[in-house]
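Residue numbers (the numbering used here), protein chains in the order written: chain A, -3 to 427; chain B, 1237 to 1567.
These are calculated hints, taken from the structure and not from any lab test.
Beta carbons are placed, not taken as given, at the ideal position from N, Cα and C, and that holds for glycine.
Take every hint as true, because none was put in to throw you off.
A few chain B residues that face chain A, going by a derived Cβ cut-off under 8 Å, partial list only:
hint: 1; residue: D1269
hint: 2; residue: Y1293
hint: 3; residue: Y1310
hint: 4; residue: H1380
hint: 5; residue: H1382
hint: 6; residue: R1431
hint: 7; residue: R1433
hint: 8; residue: R1434
hint: 9; residue: R1435
hint: 10; residue: L1466
hint: 11; residue: G1512
hint: 12; residue: A1513
hint: 13; residue: M1536
hint: 14; residue: H1537
hint: 15; residue: H1555
Examples of chain B residues toward chain A, derived with CB under 7 Å:
hint: 16; residue: S1292
hint: 17; residue: F1381
hint: 18; residue: Q1432
hint: 19; residue: I1437
hint: 20; residue: D1464
hint: 21; residue: G1465
hint: 22; residue: Q1514
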Amino acid sequence: MSRNSFCGSQDHAMSRRRFLGATTTAAATMAGVGVFGDRALAQALKQKDKRVIMLWLAGGASQLETWDPKPGRPTGGPFFDTATSVPGVRISELMPLVAARLHRHTALIRSLNTENGDHGGGSVLMMRGRKNEPNLEYPDLGSILAHELGQADSQVPDYVSIYSQTEGRNFSKIGPGFLGSRYAPVQLTDRMGLENVTRPGSISELDHHQRADLRSLWSQRFARGRENEAVGSHATAYGRVAGLMASDRLFDVSREPQRVRDRYGPTQFGEHALIARRLIEAGVPFVRVARAWWDSHSQNFESHQELVPELDRVMSTLLDDLGERGLLDHTLVITTAEFGRTPQINPSLGRDHFATAWSSTLSGVGVNPGAVYGKTDADGQRVADGEVGAGEFFATIFQALGIDHEHELYVGARPIPLVNPGIEPIREVLA
Amino acid sequence: MKLAEQRKIGRQDILFCMARAADSSRVFCGSSDFKVYELDLAADEPARRTFSGHRSYVTGAALTAHGTLVTCGYDRQLVWWDVESGKPFRRTIAHERWARKVAASPDGTLVASVADDMVARVWNAWTGDLLDELRGHEPLTPQHFHSMLYTCVFSPDGEFLATADRVGHVVVWELASGNPVATLESPEHYTWDPRQRRRSIGGVRSLAFAPDGNLLAVGGVGQIGNVDGLGGKALVHVYDWRRGERTHKFEHDGHKGLVEDLHFLRDGRQLLAGGGAQKGFLLLVDVERQEFVYDTEAPMHVHQLDLDLSTNQLIAVGHGAVVVWQMDDEA
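Please model the entire structure based on the sequences and the hints provided.
Below, the structure is given as structure tokens:
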């Protein structure tokens, strides 16, 4: 199957690049896409230039100390809640900066029941929206979006995952699954930059360019008269490598003005979020920034005093920065984890794993800002209203990005919908 | 020493602190349900009264010379209570961040409070007037996160106040001048994991001056491999604080977790420690012999201890329980 078959049918197969090249100018001036009566066209236009940053709170942030506080309840812990810019909506006092911006960009989902309280299982689930099948490994969200949003001839990576801490780094088993290695993530751990793409010192810049020009010349000659996808792919791959070699500068935050770096704060998470913004700005469709490790089985409140204010600063700055650059019209920021934390407080003043009633947020493109979906009971033990799982969360993400959640990928002749059949997006949080 | 559990009162809440009048079985306990409970531990039905006035965990309690109770909490308040009526007669937003502990001076005329704004404040125990602010703890950890000022204790002569924070910085203040007269560093009580989990745990949670005022015991937990838990060894350092020298290190191989409270016994020859992680512990150290002479598992994570020398009882409050032990000195 051609990778950009918007409805999955070979009859409509068309590369997005070709498609957009032919239609973008016209589309920009038309009153509405409906004049074409073409669902694929509408879909393509909606998807155009969409990007995603996922803030992955690895280990499981406490919903009670972030998005769904229960002050005064036996499970509520010691923190206060605080009013947000959305009337009647309160979040943890540890997040005053996000609270002041909630109405601008962010929708809150307080009723996730993802059922899997294991780090590995929960991470795999929340990066894919469903469990793997015994004989079928699903692509994770980054790979799907690299496939759906990436440009074939992009000069930058399609999927970057930043995860510097070692704990839980491999729990998500992120990867392209059946989509194949073309959509695999570039995984950054210790060094912020791409591995093995630097020009060998033995080759000068001039030599490097001359070799590339020579290769291009021979490729073009070879390709003449050969309408073959493999030939084109070969040339595209070289183009991508050249782009990736040049993109190393994107990971260098020292190129940012100090005042911008200061806004993100002095911590590694802030620096990584700034790198994510640089990547998104350069056209990378999906960047995951992991902040590990939230697994506060002991001293939950002390840990959240460290981690939540950091999240508050980084997330609010990221949203502000994206907004000021006009990127938030195209970018979705997902803040989630593998699960939340127990309402019960254990003898070490910790909270344990809890997937039964927890929260995540979506901010930016396609989102109904200020929306709050779902409700937990008074002590946060159960979802009281609007229970949704990982599938609904993913369907909502796809819809926010203008991707039909019923869109199908193919493994051979087998159609694989983006989310399991029957799953619907959470309409209330969509714009 | 041996301990025989005499009474255990199970509770749904977490008791972080207590204050007891000398020679009295009445204790005032600060709770995770934001209330202060008066219990009579000698009565068949111990529950007496409930004091309402805090808006978050009540983490410190002290009785003054005037018989009033002063409590502090994560709501940043100091509350003065008339213990007879159970009513608060003064409330002060004493700090800008969580208030962790209050201590009364030996003569009961002063109250000191410490909080995560990293300031120790000294108050007139009767009027509630702020007498001094002691600033010497860094507001941020070296990793740029908020630090925490956990605990304070008056010296037996009332001339000094010791304070201790998350990164193991201990300051002894001369109260007459408000100046720091000694600083001690106990970084072993603070674990920063820069690589695997990138967060911290620990801190100095307890302090005790020896009766002669020369030694200062500093309690917490030792270095922790996995900061998700409190799996480090219970750790007490003892300093000759005037000379700035650490004289003793007590690290228990069997009991893990925070040393939440410390008391010198027997003219300073022994040191009693209580604390815990998922489980609780009590430890007794012979300071001169430099060894643990007794240890036992407590039925809960212990947050505070008190010794009633009139009855030879040890009282502990903690996670979900109040426990009274009879101490057997002969064993």
